[in-house]
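Trainee: Letter by letter, the chains look like this.
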Amino acid sequence: DAGITQSPRHKVTETGTPVTLRCHQTENHRYMYWYRQDPGHGLRLIHYSYGVKDTDKGEVSDGYSVSRSKTEDFLLTLESATSSQTSVYFCAISDTSGAYNEQFFGPGTRLTVL
Amino acid sequence: SQQGEEDPQALSIQEGENATMNCSYKTSINNLQWYRQNSGRGLVHLILIRSNEREKHSGRLRVTLDTSKKSSSLLITASRAADTASYFCATPYGNNRLAFGKGNQVVVIP
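Going line by line, the protein sequences match chains X and C. Take the first sequence: its position 75, counted from the start at 1, is 1463 in my numbering, and no numbers get skipped. Take the second sequence: its position 51, counted from the start at 1, is 53 in my numbering, and no numbers get skipped.
A hint or two may mislead.
Stated by the list, open to error - Derived pair list, reagent style DSSO-like, types lysine-lysine, alpha-carbon separation capped at 27 Å:
| no. | chain 1 | residue 1 | chain 2 | residue 2 |
| --- | --- | --- | --- | --- |
| 1 | C | Lys104 | C | Lys58 |
| 2 | C | Lys72 | C | Lys58 |
| 3 | C | Lys58 | C | Lys28 |
| 4 | C | Lys104 | C | Lys28 |
| 5 | X | Lys1399 | C | Lys72 |
| 6 | C | Lys72 | C | Lys28 |
| 7 | X | Lys1458 | X | Lys1399 |
| 8 | X | Lys1445 | C | Lys28 |
| 9 | X | Lys1445 | C | Lys104 |
Derived by calculation from the structure, the hints in this document are not laboratory data.
Kindly produce the complete structure, drawing on both the sequences and the hints.
Mentor: Following this line, the structure appears as structure tokens:
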């Protein structure tokens, strides 16, 4: 999957607990994205990064924060998980802006919040 | 929202047949992308067509783009069981963002 990994691949947690998902790439791509995928909603952008320490919000950013302290890692944090955040989370990377070139996706993380 | 919308949303065909799906979008774009997602996996980029292109081919895939109608179509010829997947169109919006449609599920029956 184009040198992109996500961890953990599966996680079950309880409401109110903090959760951090990690996306790691070995491609040295500048752009990194976090999406969530839910039935009936398709793929929705949570946050993205256009460089180290440079991030921007997507359409469903409430309840999520991100950090990118080095090129290869992009972390997604749910400060206090809620059941509505149960979803499959995908990370994607792109060499140039992912709006104008292909994005490469990781294998996904299935998160269940009880 | 710039989201594309695929039609039909679900398609079941026999192996060897062609599969056609459509995508409509709302505002002007400079490119449109198609992705495939196999069950339980991440999305895989299939093809990108730019606004100045009307048609593009990649192997058994043919994509058309009609900017006047704000629509695109993806044709898979001579389908195989391995083509069973969900297919998404995606259009750019804002800065560096892609908006994905809800997806089109294709089942190819051997």
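Trainee: Quick one, are Lys1458 (chain X) and Lys1399 (chain X) close enough, alpha carbons at most 27 Å?
Mentor: holds (24 Å)
Trainee: Given the hinted pair Lys1445 (chain X) and Lys28 (chain C), is their alpha-carbon gap at most 27 Å?
Mentor: Measuring from Cα to Cα gives roughly 22 Å; hence the hint holds.
Trainee: Sort out whether Lys58 (chain C) lies within 27 Å of Lys72 (chain C), counting only the CA atoms.
Mentor: Status holds; Cα separation ~16 Å.
Trainee: Is the straight-line distance between the alpha-carbon of Lys104 (chain C) and that of Lys58 (chain C) 27 Å or less?
Mentor: Holds, at about 23 Å.
Trainee: Take a quick look at whether Lys104 (chain C) and Lys28 (chain C) sit within 27 Å of each other, Cα to Cα.
Mentor: holds (15 Å)
Trainee: With a cut-off of 27 Å on the C-alpha distance, tell me whether Lys58 (chain C) and Lys28 (chain C) pass.
Mentor: holds (21 Å)
Trainee: Is the straight-line distance between the alpha-carbon of Lys1399 (chain X) and that of Lys72 (chain C) 27 Å or less?
Mentor: Cα-Cα ~40 Å, so violated.
Trainee: Can you confirm whether the C-alpha distance between Lys1445 (chain X) and Lys104 (chain C) stays at or below 27 Å?
Mentor: holds (21 Å)
Trainee: Holds or violated: Lys72 (chain C) and Lys28 (chain C), Cα atoms, limit 27 Å.
Mentor: Holds: Lys72 (chain C) and Lys28 (chain C) sit about 7 Å apart, inside 27 Å.
Checked against the numbered hints above, the structure breaks only hint 5 and satisfies the rest.
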